[in-house]
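Peer 1: Residue numbers (the working numbering), protein chains in the order written: chain Z, 33 to 828; chain D, -3 to 329.
These are computed hints drawn from the structure, not numbers from a lab.
On a predicted model such as this, the values are computed, not experimentally measured, just so you know.
It is possible that some hints are incorrect.
What the hints assert, rightly or not - Label-pair restraints from in silico Cβ distances: (1) D:Leu85 with Z:Ala544: 34 to 40 Å; (2) Z:Glu813 with D:Thr93: 52 to 58 Å; (3) D:Arg309 with Z:Lys763: 24 to 30 Å; (4) Z:Val685 with D:Leu270: 50 to 56 Å; (5) Z:Gly753 with D:Asp154: 49 to 55 Å; (6) D:Met308 with Z:Asp461: 41 to 47 Å; (7) D:Glu292 with Z:Gly323: 37 to 43 Å; (8) Z:Pro381 with D:Ala203: 35 to 41 Å; (9) D:Asp314 with Z:Pro381: 38 to 44 Å.
Ideal Cβ placement from N, Cα and C applies to all residues, glycine included.
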Amino acid sequence: MKVLLSWLQEFAPGIDGDPVELGEKLSALGLAVEEMTITGQGLDGIVLAKVLELSPHPDADKIQIVQVDSGDGQPLQVCCGAFNMTVGDLIPFATVGTTMPNGMEIGVRKMRGQESNGMCCSATEIGLGDDADGIMLLTDKAAESLIGQPITTALGMETDVLYDLEVNANRPDAMSVAGVARDLAAALGVPFAFPERTVERTGDDASSQATVEIIDPDLCGRFTARVLQNVTVGESPMWIQNRLTALGMRPINSVVDISNYVMLEYGQPNHVFDLDTVPNGHLQVRRAADGETMVTLDEAERTLISRDGVIANESGDAISLAGVMGGLSTEVTDSTTNVLLEMAWWDPPSISRTVKRLNLPSEASTRFRRGADWGDNIDRAMDRFCELIAETGATICPGQIDVPGNTPAQEHNTVRVAKINSVLGTELDAATMVSHLGALGFESSASGDTLTVSVPSYRWDSIGSNAAEFEHNIAEEIGRLHGYEVITKTVPKGEQAGHLSEYQSDRRAVRAVLLGMGCDEIQPMPFLAPGDLALVGLDDDDGVRLSNPLDASESVLRTSLLPGQLKSIAYNQSHRNPPVRFFEIGHVFMPPKEGDLLPDEREFLGIAIAGAEAPAAVEVLNTLASVLALPNVQVRNPDNLPGMHPTRSAEVVIAGRPRGVVGEVAPSVLREYGVEGRVAWLQLDLGEVLGGPHGKRNYTPVSKFPSSDMDLAFSIPNDTGADKVRNTISKAAGKLLVDLDLVDVYRGEGVEDGHRSLAFRLRLQANDRTLSDDEITTTREAVIAAVQKTNKGQLR
Amino acid sequence: MLGVELASLVERASTEISAASDLETLAEVERTFVGKKGELVALKKTLGGLEPEERKAAGQALNEAMGQVAGQVNERRSVLAASAEAAQLAGERLDLTEVMSDMQRGHAHLVTQARDRLEDVFVGMGFTVAEGPEVESAWYNFEALNIPEWHPARGSFDTIFVELGEPEQVMLRSHTSPVQIRTMETEKPPIYIVAPGRTFRTDTADATHLPAFNQIEGLVVDRGVGLGDLAGTIESFVGAFFGHEVKTRLRPSYFPFTEPSAEFDISTPDGGWLELGGCGVVHPNVLANCGIDPEEFQGFAFGFGIDRLAVMRYQLDDIRELVNNDVRFLRQF
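Pulled out of the complex, with its shape left as it was, chain D reads as follows (with noise of 0.2 Å):
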């Protein structure tokens, strides 16, 4: 009598599951057969009116059953869901190229990009960064660095003054070695610096020049380093920065606060050589200067323009772009 029942109501279970067409649709199925007052369920009162022989055996073929009607549940659940997921995903559709705009990010300005890229590869040289004042005295700008009052070096670094104290001994400083000597009046060798930072020249701004623009400088003190030293050093330098193949030279030429003293090229892809900057052997009167001796240690040190590396790489015709703040030059980088 039961298994008769059973196997009816596991047929029509089946039916319905398989006609079940969403899943609400197959959850209501599955509450009449399986659930706690479904129609199984309710077989399983009928149980205790019979002998124990019989009901062992009718309760191992109802569990069966229901089992058997839960795995379809969940087998056609499955399918159900997979389609409706399917369905919902094709409801979504968004035509990705209708994007009107993209999240607004700042652009740093050519000038930090070149320069944190310069500390970066110092840093990883063993140096560290120094700064300073950008309105210095005729101590820190010319006079600390061996460019005594008179000397005709002097002129040529067009030095913008200002109006404190006596005359030309205050002034916008025309190169960021006086922050050289402030590291070496404070701090005891060894001292590896590099010293970025905005300097000033009484050049009237043109496509190629401005009255403000910066420089790194490179402070090395130490037991015993020279001029080979100096070319390893800016050799290594420029590798990391310009790429391995770029070579470097050194050449003869004069500066009051180095001897000896050299500008140094880097090589060209065509195989002519660029000048880069200046660079030289600390003169003992600097060490002197700042309380070093000069027979303990011997520096070097070297310079260059930063503005001028990001005019070169991205081929500026006009080097006023970097001061004249025009966002459609800014966001282009």
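If we strip away everything but chain Z, and leave its shape as in the complex, we get (with noise of 0.2 Å):
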């Protein structure tokens, strides 16, 4: 919302100082200031100006040739690249000579050889408004008299100041000029009052020419009407123009722009219709049958469900869409002479859920759908439209039609000092409450502990649908006017010690290795492509679905790390990148559990060595489990691991239970991803291995007597697993085993075909004593005989 502080003025006086200064004043009551701008200043050397002749450029489609009348009479030559200007027309026009605001200066140039002596001028480059499509049009043809005045004068513009607010979605009222000033005079603590309008009224009573009838009371809380004569449709006095235009509208006609102009002053949505189009003048105000059709100001058809609200003639037709558009059928054109004004307060939830499914958002419905002003707001806005719509000939008839539905009723009206101090933090006493919501409108009285607070009619968010609700929002008026910044901080504390949970500090602890051994971490988005699933083997249709995706590219949610990080890898081979070494901790989504609404959403932790094979991802593994302690880590090798390398890849399981995949991406993925060399890649559900058991370790004293080391090695079938070997070793070396090491592994000569050999460094020792050559020989031969029995492996 923006605001001009003239027009802030009109309705406080008092309102008045250091631009800036107001502006932080807006801001620390809620009204934030993104922008402030001084307006008509700076606009030295921009003149009004005639558009004389127009014609092409002879070498370039994109600018014409113009000829301006820019004060002395004579056609000045310009090159400009807007198309939007008619012979006749008044432009701003900066003479050569100018500095812009922007800081431009204006010369004379040469564009594809032909002169140019100046510039042509949208809205926005004279600092009014929003619309820098096109040179600005003036529209006033009274202003052909001061051609060649400075802009300022020929526009009636003064220096003045624009705020451009933030206006949350709870405040129904700061979505006009009145209501921003009613918040700032309050902070301020200078008066503020609506000025009196005085409208001549002739003809016959409203009511004999208009009858409304509301079928829906809880759609429409009020509805009323008057009835305008003699209306023409022609151009809005300038200084209407320059205030819409300011605020970001673009003047259209006389009613369009009174119709925007008193929906900016007083927050409060009109509509007019064609009496003439409307049978015996006769409204109904209901809900749309589901189905029921109806065409919109803007030329569609829109059918409606039973949700929307309609206003509808004596036949039952629709002709306006409540609060959101008017119809086609009852529209003002240039031939309407009789119109019907209607103002009126609507359900915003109605109005809300009818523009979300249309997607019909408007400044009237953005209003409506926040909370309008049901009460007296409605007669002054009225009274202003009748103003303004007189001054251009319109003859106003007598009475108001004004029917009442439900308006919200305030049920809940006392609030505790001691609880709203408590909301606060601050120690206010009863009176100073009193004042502060005097101040923005809120009756209130005291007695005790206890106020009784009546909302005005303009804020309807601070009702509230419970006693709580309503304490918190009172709360916040106080605050608010009170000053946030002069609450004394304080630090409130726990009772129990901050900390992390056992699970992220694991996961520190994972991070903190993996960044040790030289794993960068990367955060790829979880989107993927459609295919990219099927393309690491996993089924597509695991993968759900986003409804409404950025990019068909970004429109499924990943079952696994593998694809992101592989385009993560071959987008830094195709930048000819170092070798990567990548670690991933991050969400996968699995299709919903039967009879869940969510995912089966998981914590996963992926790495991939680029140019690694699958051993390095083993030894990743190894690492891991010493570092949590992980029991019982095997790696089982089962047919057809999605993905990855059909004699290079192994499933992991922990206690039993599997819980990732570990060895060497399948070179055909590798190739789909465009990734070159071969990539080690390890996925563990992290989740589930350290929710699972882990982190046990048991204190063995460290011997004291010598330790004996002896090196076997044994001849073992291809097929049977060095982790096989490795238990049997384990078991028939029983305790005096304290370390035992995979040392070599070596296939060739000299081992038999389909073997290799596996060599065995054991370390046996025991806590209390020396171990004799006897038990050293006697633990060696039951493993050679155990491994014998066990793996069918002889000793080399």
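Two chains, each in its own frame: build the complex with the hints.
Peer 2: Put into structure tokens, the structure is as follows:
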């Protein structure tokens, strides 16, 4: 919402002073100033000019030659990139030598060989509003006598301050100049008053020309209407156009401009019907029938549902989409003379739903959705409209049709002083609260610790649906006026110590170890393209689809971290970056479990080492197993792990449960993702791993007795896992075994076909004695016998 | 007789010890004179033939001589050892600027670095860290947060919905506030949590926007906590995170889940203010939705973007680097 200081002053002349300080005051009230502009300044050299002739540029399509009269009656040639002018138009024109508000200097230039002696200006270029499309055209032909005069004179512009305010959804009142003035006046402690409007009324009473029936009183809280006659649609006065332009609205014609002006000034949206298109002037306010259709002002046929509200004529045809958009059949046109002016209060949720469903946001519906004023403001806005339209020659009939529906009822009206102080962290007394509330228009009275507060009709948001909500609403109003910045800052102390959960600490440990191993952490977005999952051998249909993706390539939620990591590797390879080793800890989204609404969401750990073979990933796994003290970690070789190298991958099994995969990514998958070389890959369901048994370490005293090492190499069939042999040795050596390492793997000459040599180093030691040669020999023989029996392994 | 022989032996030993130019030669000299079969030791055997009186004096003289020689050997040995070590060290000279690479270390993602630091500060202030799912239901993302289906604020969240359940009933969470609801539903006050995590909006990726970004929110539910506690908590956090010279202020604002609501700003070195996030006193309807009696407990909440802190700290000109995973970017931090 934009407001002009001069406009605010019409309601509160006491609003005055340094524009920056006033802006800070507005921000402190919750009306954040997003931008402040001083208007009507820095326009020296810009004059009113008239378009005399338009002709194409001989050598350019996107600019044309314009001859203008800038005051001396002689044609002056300029080149212009806009094509919205016609001969005779009056425009703002920057003469040679002008420095524009944005700092640009206007000189004589040649554009594609044609001389240009100045610049035709858009509204934005002279600091008037947001309309940067095309040249600003003055619609007031009476200004023709002012050609050559400064544009400020021609437009009646005065130096003013324009504030662009961020108005939150809970402030229907602040969607108007008057509402902003009321808030600011309250904060400054200066008087606020609505100017008296006087309107002469003649002719038949409105009630004899039109009737209104509210069929659904929950939809419409109040419906008022007046009848205007002898309406002519023409240009609105320059001062209205200037203000509309300043606030970002484009002037259209006198009726539309006045309608917008009144909406901006009072926050009261309004609608005009051509009364002669409404049979017998009868209107019905009701919910639509499912499937009912009507054509709205934008000439679109709308199919309605029963939650929409409509205004219908006496034959039942919908002629306006209540609070959202008027109907084409009753539109005010150049031939209109009799007008029915409507101002009503609509149920905010109803308007919200219709706007959302039909995607029809507008200045009017935005105000209704937040809760417009159902009280005197409607009457004041009516008076203002009538006053302004009367100045264009229209006649205002006496009387006002005013039909009540169900306006919001204030069911809660008491608040406790102590509770408000508790919510705010203040120690205000009841009298101060009453005073703050009064300044904002909330009438209240104190009785002991209790205030009785009545909410003004322009603060629908403050009513609240229950007593607690009402107290918080009122606390906010008191706090706002008291000033958040003066509330004493205190720090509450909880009774418990702050800490990370065990899971969070473990996750940090995992990250620290991976970083220490030289892995860089990445965070790809979790969106995939359709087909990405299939490329890594997973079921593409398992990926949850987004309903409104920004792009089809980001429309599927991942069920694996692999596609994102492969894309990241390919990206780095394509940029000739150094080799990468990546890790990521992130969520994946499995299809919902039976009966669940939400996906089966899990936190995974993925590690990709580009240019490395499968064992590199196993080494990472082993290190993690050691860091987290994972019990009984096994790698099992099942058939066809999705996306993995068929003979170089394994399932990771921890404490008997499958928790991930380790090995190498399948070459075919790498090709699909454009990754060169091998990629070692480890993916673990981190949530399950850390949620399962881990971290248990038992202290064993370090032996004070000598240890004895022995190396044993066995010829083992290729299909017997080294881990099996390790288990056998471990069991056979028993308690004396303190260390067991696989120290060599050899295939080739001297080893039986289909076998390889596995060399293990065993360290034997006891805690209570030096081992005897006999004990060592016995253990050695037991190990050899066990490997022979269990794993068909021959000692080499 | 023995005396003359001794004196000559000691003199000879002394000469040879001095002449020994390396440790090995010295060891040989040592063996020659005081070793098990050395000349001085050999003299000992001749003592047996002497008269007791004479033998005692001769024994003493022999021991003195042996001690003298051994002392000289040790002295010479330490000199030779020192020069031998010096020679060895001189030969080991390395040019340490010839080292070709560093030990490769990994780089924590900038968002992780910022998040860890935020968590640490809040843990120090007595908070625990809560987490929740990234795909949420309308109840957790909106309704429990006092944003009914018709509410104008719903549109402002630019929600990304997923194709599960009824239309617009399941979505990528548009803030981490659902974690607040989940925590309040399961835990009894007092509650002091921060909820960091990924959030999503239909923002097309550009230099300043990402459809997936990270937020952290704080929630306190306790007896009698209000706006002053909120302001104090924010100031305390900002002091710890940004430095105690940085000031904070609250400005009234609006969020459906807090009442009163505010934006909070931090002071900038040039005397201005920078908006950091939103906050407020927890709306009593939100407490009630989670089964907490708003008459007994009050709460406050605050939230802000994590990515933006990283962008601010390193003055990144393109936020998309946070998800591009280009090692030329990642390895700078």
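Peer 1: Could you work out which of the previously given hints the structure breaks and list their numbers from low to high?
Peer 2: Failing hints, ascending: 3 and 7.
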